[in-house]
Each structure stands twice: as structure tokens, then as C-alpha cells.
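Participant: Which chain is which? The protein sequence lines are A and B, in order. Going by UniProt numbering, the first residue of the first sequence is number 1, and it counts up by one from there. Going by UniProt numbering, the first residue of the second sequence is number 1, and it counts up by one from there.
Heads up, some of the hints might be wrong.
Reference listing, derived: stretches of chain B covered by chain A, where coverage requires no fewer than 3 residues with Cβ under 8 Å from a Cβ of chain A [stated by the list, open to error]:
#, segment
1, 84-92
2, 141-152
3, 196-210
4, 351-363
5, 395-408
With the C-beta cut set under 8 Å, the calculated list includes, among others, these residues of chain A facing chain B [claimed, not checked]:
#, residue
6, LEU94
7, THR138
8, ALA141
9, ARG362
10, THR438
11, TRP440
12, GLN442
13, HIS443
Hints in this document: simulated from the structure, not taken from any laboratory. Since the model is a prediction, treat every value here as computed from it, not as a measurement. For every residue, glycine included, the Cβ atom is placed at its ideal position computed from N, Cα and C.
2 protein chains.
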Amino acid sequence: MFEAVELGRELDKADFKAAEPALRTRLLQAQWALQREGVPLVIILAGAEAAGRAKVADRLDKWLDTRGMTTAAFWDETDEERQRPAHWRFWRRLPGRGEIALFFDGWYRRPLQGGTLGELEGADLERALHRNADLERTLAAEGTLVVKFWLHLTAEQQSRRLAKRRKKEQKASQAARRARRHAATALEAEPEAHYAALRETAEQTIRATDTGESPWYLIEAGDGRHRDLTLGQTLAAAMESTIEARAEQGAAGPAPVPHPAPEPAGKAPSLLDSVDLGERLAEADYREQLKARQRELHELAWAAWDAGRSLVAVFEGWDAAGKGSAIRRVIAAMDARLHRVISVAAPTDEEAAHHHLWRFWRQIPRDGYATLYDRSWYGRVLVERVEGFAAEADWRRAYAEINRFEEQLVEHGTVVAKFWLHISDEEQLRRFREREETPWKQHKITDEDWRNRERRDDYRRAVEEMVARTSTREAPWTLIPAEDKKVARIRVLDTLIQALKQALAD
Amino acid sequence: MFEAVELGRELDKADFKAAEPALRTRLLQAQWALQREGVPLVIILAGAEAAGRAKVADRLDKWLDTRGMTTAAFWDETDEERQRPAHWRFWRRLPGRGEIALFFDGWYRRPLQGGTLGELEGADLERALHRNADLERTLAAEGTLVVKFWLHLTAEQQSRRLAKRRKKEQKASQAARRARRHAATALEAEPEAHYAALRETAEQTIRATDTGESPWYLIEAGDGRHRDLTLGQTLAAAMESTIEARAEQGAAGPAPVPHPAPEPAGKAPSLLDSVDLGERLAEADYREQLKARQRELHELAWAAWDAGRSLVAVFEGWDAAGKGSAIRRVIAAMDARLHRVISVAAPTDEEAAHHHLWRFWRQIPRDGYATLYDRSWYGRVLVERVEGFAAEADWRRAYAEINRFEEQLVEHGTVVAKFWLHISDEEQLRRFREREETPWKQHKITDEDWRNRERRDDYRRAVEEMVARTSTREAPWTLIPAEDKKVARIRVLDTLIQALKQALAD
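Full structure from sequences and hints, please.
Facilitator: Structure below.
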């Protein structure tokens, strides 16, 4: 889930200074519009320790009009609070119409901290998360805008920050040190284990509460300027889209749907840019590796059948990235009785008459069998989103719907693997031309493919948001460098082999 | 929760025959309109064993146009189904646009059966229910109408039906007997324990999944004709309101909001009619009982303080039913440091600027203390509903919001007691006149009170739906006969004493 925000993006001071004035104006105008509309706004700032929540809060204090704005940290619990249900402390501090409340962690403090420290587990953690989702649904239904940020650090970034902080603290007052220690004891004792536990808890938390009405925004927090500017722009976009939605639907309309995270500030690389497309594989090596992998997969497929474990493999990727040929290498390895390939095209009449997930539910494999999807249920957040076939509220809601769907597959014991086959713009163009020039490949290239190319940037954004919102530990996306088809095929086989091996070892 | 459908309502053959033709026309017209609109309809028939699900299905088969309508019982699970996630069997049978699917228990089969037999408990049961609520939300978001019925029998009614059935089965084929036995083994072995377990599971199930978008309708099933006609009318109303909503908001609007259950067929008594208002208490007896009860409550309030258990007592009732004087008798018994009375009037500016539950959250007591509410958060589903101060979608959603709120109180350890003080129309008129004629009582009677009287029937309906949807085991409503104020006060004190005693014994 966090791959999309582990890109090492930075922003230099000059770029930050250049962008800041416009953003401040935007934020203030959005804030005043929300005031006029009487929309309460809750901003939740969560994230890894040392990711900079306090700094972000300072920045927002500077950028926004602080009248009607309150900040609450919730780090110490009063007697008063302990003696009432856990949500009381949040309810009493909720903003009124036109007000803003900035909450450090907010109602996620207990699930995040408890989950990380192992004090809140399994069903209890799930219940707490359900309760949070309920609360947000309740607030959204009466028009409150809830914007949730997760400030993300890698383990290395965090440990560097903590070391720096320790140095600084030598000079801090004793009281400040004591307050800090209160929060960070477990972290100091076993930083790596703590980081891993938090990361896992955060993933579960975000997945369970990332809804169409109040989505989570993952913010890369390794660089302070990049962090603050991206967060500010995301916040402005969310406020603006709420104002737009109310202008269209009136105040009594359904809950506002915040916009996706805007592009990260600066000329930083995006998630797909981070895929290394340089790797090549010699024909002889490829032949040898392919043979070995296919043999292994053949055995694993039978072992999975024997163990009653099913496999769902999703293939998405750019046009001409080689989905079909990668799938052929996979099924060549498996006994024909064990697999099925579903090519997903426009829905049939019958399919269109049902919920968009219906046709995919119908096709999931029985225990022991594999289904490979050449395109999939992700069409809703890719082509349907980009081409406007689905309304924004519909595709926004789909992330959660898809996560729930895959969760049920995984819970049942199905192994879920998802591939995005990535190629460069130039390579795609080369392949398109080749298709046009090769008689037996001409059927593979249509006007639509050329049109899609023009929207490559929109698709890229959709792909990146899809990966950020639906890559989970149990049903991860694997980004496949497909510039060399041979590399792509071997990577796909490797990933499937690993996934099956692990499942069968469990 | 089930009090509202344990009234022994019946319908004679002639009344049924008289009402049937109009209902059939209504149902067909609604069905055709849904077809034209392309709305899929899922009808879930759940209920106690022998409550008549099959008979209702037969009746609906007769009443509705069976083209595009399918029925599924889900009582035996196939290999195919076992080898996929539990919801697969439901997804594959979901209706398409304009189609109707009638499901026996549907996705509630496993939670209901598992919960009753103790095979699915605690967190696992909760998770299954959450998953169902998720599924229904997902379907509603794409325009599917889900109508859920719980056919209710009392234990006595069920045991009579089962005895009758056993007789009949002597004559049934062996296969039919075997099929029946499959379902009913646990029930036959220990009918009373089974009934109690089912009732408890059903309450939890309904409470967890009774949402604004797809509410449960409780149907009294003791009399077949009454059951079928009420269910048919409720179904027709739900279909009609969906069509209306789509006419207003367009097909792309939010999920349809079904109407409340219409009045039960025939001249049967309603829930409030079932309160026995005849009881009277002589002055001397009253004095004596009052003194004893107050002494007991005094001690219990201190014991609760000592144990850190808080109390929330809600007083609702007809105008002039004696809420204030009942509250005075309660607080007279408690040390002044331990209690607080909140008189709920129109919200202040600050309160109106927040979510409707905000002001009630603020006022909940700390551990060991009591708060008595003279009117309460139920205003939304009473006066705001009847007077149209809240939109239908808002007050419909409020039942679930309130249940979640009280759930959190109970979970925290707060004792929750809710009173509806009931008086007859005539007695209310007498008291109003008396107030007008008594100088020191004149301030207690306003034009509004007279206006409310005229809407007594609307209020009655709202009260009855409120009790049906929000009376839970942990936070039950107590209907207080208040025709004699002395009786009412003693009953209130008794109820509080019992509730505190039980809580302190736990």
C-alpha cells in the first residue's frame, strides 16, 4: 500500500517558495467558501512517529485563517474522558458549521497505537475500526467533511529523524523530554519491530476505513517541503470539490466526495517512473529460466489443487504491454484442467444489468483451481474513471468495494496476485507502429488504442491511485517492468511461484 | 425489540378478501414501475422456524408477476458453493435491473443459524453482520432495493405451529420429512432454549443491520392473513417510495429510502393500545411504596457511584403525561451530587451548528453519576419526524445512529433506561383543560400542545416505530401506564431499581 509514497520525492526551497503564495490563496478562499456554506471540516493528521505532524500543523496554522480553527492532540487522556465512552472526547471537540478542527490522529490514535503495541488485536481492533468508519459515515451524512492524512516515512527515514531528534532533545526542557518519552518508549526500545508493527496496523486501518466519503490520503513525508506542499494542495482540492459538489447538489445533497490527491509538488518522479525499465534478458537465458519456472509452476499448480487452494491472477497494464503473452506463458505451465482465462471486455447486457462486481464474483475459481483475468474489476477505476464512463462518486467508492471483495477471496484461502505491466511511452509507440505494419498483428491495434495513448497522463494518475488504494499485504500489486517482454514473463512467473509457495507453506 | 409485533393481531377472512384485490393491483403496478426504472429488488424473508416463510413466498408468487422473479432458499450448500467465499452463492443469484429475487434468509442464514446454535459467536458473528451491512450498502449504492422482513412468532405461537406441523408430517413423504428434520433437529430437541437463542441472535442481527438504506421490517406472523397482508402492504410501500424517490432525484440519485411499515391490516390494536391504562393506586399505598422505593434507589445510587457505574435515563411521553413529576420523584431519591437533569428544548445556536447527536454526547455522565433527560435524542424520530423538521432520509438514518450511540454507552458500562409515559387521548384532554383552568398551571399549556394533540395518530406511529427500532436488550424502552400518575412514578422507580440492581450484580 505504501509503495506509492516511497519514491524519495523532494522539493527544493526555491520551488517551494514559488508555489507557496498560490496555495495559500487557494486554501484561504476554500476555507472562506466552506464557512459561507457552513461545512464543518475535520482534518486528521496521522502518521509514523517523527513524520512531522506537529510541523504540518504549524504550517496549516500559518496558511489557514485560525479563527474558528482548533487543534487537538489527544495524547493524554483526562479522568473526565476515561470515565465516558471512548468517542466522547472526539464528539465534544467536533467543529460546528464553518469551523475547522485539526486532530492529531483523532479517533485513529487508539487503533493505531493499540494495534502497534499489540494491546488491541484481531476482532477488537476490527471493531474499533468499524466504529470509526461508522462515525465518519454519520458525520458525512450531515455534511461534515473529514479529510484524513497518513504521513509516511520509510524505516530508514524514520530512524534518521529519530537520531536527529535525540540530539536535539539533549537541549530540550525536562518536561518536554518527559512528554516525548511518554509517547515513544516502545519505539525507542525496538525501533525496527515497532516500525513494522505500525506499518502493518496502519495498512489495516487505512484499508478498513478508506471509504468513498472520507478517503485516506497517503503523503510522502521524507522531505518536509514536499510533504507540506502536497498535503496543502490535497487539502485545498478536497475543500474545493466539496464546495463544487454543494453548488451542484445543494446543501441537502449527499455527502461530499473529496478529490483524489493532486500531483505531487515539483518535478519529482511518480510511482510508475520508479519502475526500472532498463533490465534486459538474453534469449538463451530467457529460454532456460522460462523452462525452469514453468516446470516449477506446473508442480505448484497441482500442489495447490491438492491442497484446495485457488488462485486469482489479475493482469492489467498499458495497451501493448504484453498482458496476453505473459498470460500464455503462465497457462502453458499449468494443466489445462486447472486454469481458466477470462478476457474482460465491455459487459454483456446481462452483466450490465447487475452490480459492476457481479460478473467477477460469478467467475471466481473453485478451491484448487486458477482463474487468470486479462483485465479485471479494476476497469472501474481505470478506463471507466478516465473515460468518464463511471461517475466520480461511483469509482471513488469502488476502491473500498474492491478491497472488500478481495478480502473475502483471501479469507476463503484464495491466493490473489495482481500485475501491472509497465512500458514506456516510447516503447508503446514502437509496438503500436509494429502492429500496424505487421499484417497478422493489425487486428490488435485500433483507433481506441491511439486515443488512450493521448490520455496517458490521466491513466498514469489512475494507475497510481489504484495501486495506492488497493495494494494490500494479502492482495498486493506487482509492478512488472515490461519494456523487455522476456523480463516481464519471468517476473510474472516468479511472483506467482512465490505467492503459491508461501500459501502452501502456511 | 419484538414487543411491537407481539400484539396478537389477527385478520378475519372477509377483511382479508376485501383488502386483497387493491393490494394485488398496487403490487403489480409497483413491480412494473420498478421494471421500467430498471431497479433490481431483493426481498429477504427471515424469521422464526414455522413463521411461514414458504407460505409468504407462495402468496407473493401469486400476487406478483413471476416473470423475472426468482426464489432461492439456500438451505443446502453445494460443493461449488463451499469452495468459494461465503457470499458467492448470493452474488451469483442477485437480480438484474427490473428483476426480483426472493431469498429465504439470504445472507442472514449463516449469522442467524450460527448465532442460534452457538457456532458463530462474538467477534465472528459481528464480522459476518458487518459484511452483510457492507454488501447491502454496496448494492444500494448502485440502486438495488433490498427489503428485509423478519416474521416474528412468540414462543407459544411457535410451539403450537410446530405441534401442528408434526401431526401433518406423519402423512408427508419420507423425503420431505428428512429435509425438514435437517433444518429442525436442534429446534426439536430443546424448543425453548432454541427459541430464546434465536430471539437473541435475531435482535443482534437486526440491530446491526437495520440501516437507513435497507431497514428491517418486523412482521407479526401469528396470524397468516394478517402476516401476508401487512407484508404485502409494506413491500408495496417500499417499492412505491423507491419509484417516487427516483422520479424526484433521477436514476443517478442516492440509494432509495423505503417507507416505514404501513399500519397493520384490520382494526387490530397497536403497540400503545396494548398498554393497560386501567391500573390505579390508592393514596396510602402510593405513599408507602414511594417511600420504600426512594429509600432503595438512594442506596443504589450510592452503590453505583461506588462501583463507578453511570446511569442514563430518558423520559419521553405524551404532553402532560407527567414526565416532569416522575423525574422529580426520581431525583428526590438521589443525593444531589450524583444526578443532573437535562431538559431538552430547541437546540441552541451552537448545538444547531453541530451533528444532531453532538449535544447529547456532550452531556453524558461520568462514571458513577446519573443524567436524566426530560426529552432526548429521540426528538429526531418523534417531533422532528412528525413536524417535518428533519428530512425522511435523516430521521430514518437516526435509528441506527441512536443505536450505535447507546451501544457505546452500554459498552462503557452505563446503565441505560428509556421511558415512554403513555396516557389516553381523553386523559390528556382532561389534563390540558385542568391546566388551562388552574392559574399556576397555565404556563404549562401552549398552543403547540393543542396542535400536537391533533397529530396524535402520526405521533403514535412514530412512537411505535421508535420502540420497534431502538428497544434493545441492553437499552430497552419501558412503556409506562401513566393514566394514574402515582402508578407511573412507582413503575419508573421500579424499573430504575431493577436496572441498577442487575447492573451492580453483574
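Participant: Hint by hint, say whether it matches the structure.
Facilitator: Structure-based check of each hint:
1. Check result for the segment 84-92 of chain B against chain A: holds, 7 residues qualifying (beta carbon to beta carbon below 8 Å, three or more required).
2. Figure legend: the segment 141-152 of chain B, annotated as covered by chain A; annotation consistent (3 residues with Cβ-Cβ distances under 8 Å, at least 3 required).
3. Beta-carbon proximity to chain A at under 8 Å applies to 0 residues in the segment 196-210 of chain B; the threshold of 3 is not reached and the given coverage is violated.
4. Counting residues of the segment 351-363 of chain B whose C-beta lies closer than 8 Å to any C-beta of chain A gives 8; at least three are required, and the coverage claim holds.
5. Coverage of a stretch by a chain is defined here by at least three residues with a beta carbon nearer than 8 Å to that chain's beta carbons; for the segment 395-408 of chain B and chain A the count is 4, and the condition holds.
6. Below 8 Å, beta-carbon pairs count as interface contacts, and A:LEU94 has one with chain B at about 6 Å; its hint therefore holds.
7. At about 5 Å, the closest approach between the beta carbon of A:THR138 and any beta carbon in chain B falls short of 8 Å, and the interface hint on this residue holds.
8. Because the smallest distance between the Cβ of A:ALA141 and any Cβ of chain B comes to about 6 Å, under 8 Å, the interface hint for this residue holds.
9. Checking A:ARG362 against chain B: minimum C-beta separation of about 5 Å stays under 8 Å; hint holds.
10. Evaluation of the A:THR438 hint against chain B yields a violated restraint, the C-beta minimum of about 41 Å exceeding 8 Å.
11. Violation of the interface hint for A:TRP440 is found here, the shortest Cβ-Cβ separation to chain B being roughly 38 Å, above the 8 Å cut-off.
12. Because the closest C-beta pair between A:GLN442 and chain B is about 37 Å apart, greater than 8 Å, the hint is violated.
13. A hinted interface residue such as A:HIS443 counts as satisfied when its beta carbon comes closer than 8 Å to some beta carbon of chain B; here the least separation is about 32 Å, so the hint is violated.
Violated hints for the displayed structure, listed by number in ascending order: 3, 10, 11, 12 and 13.
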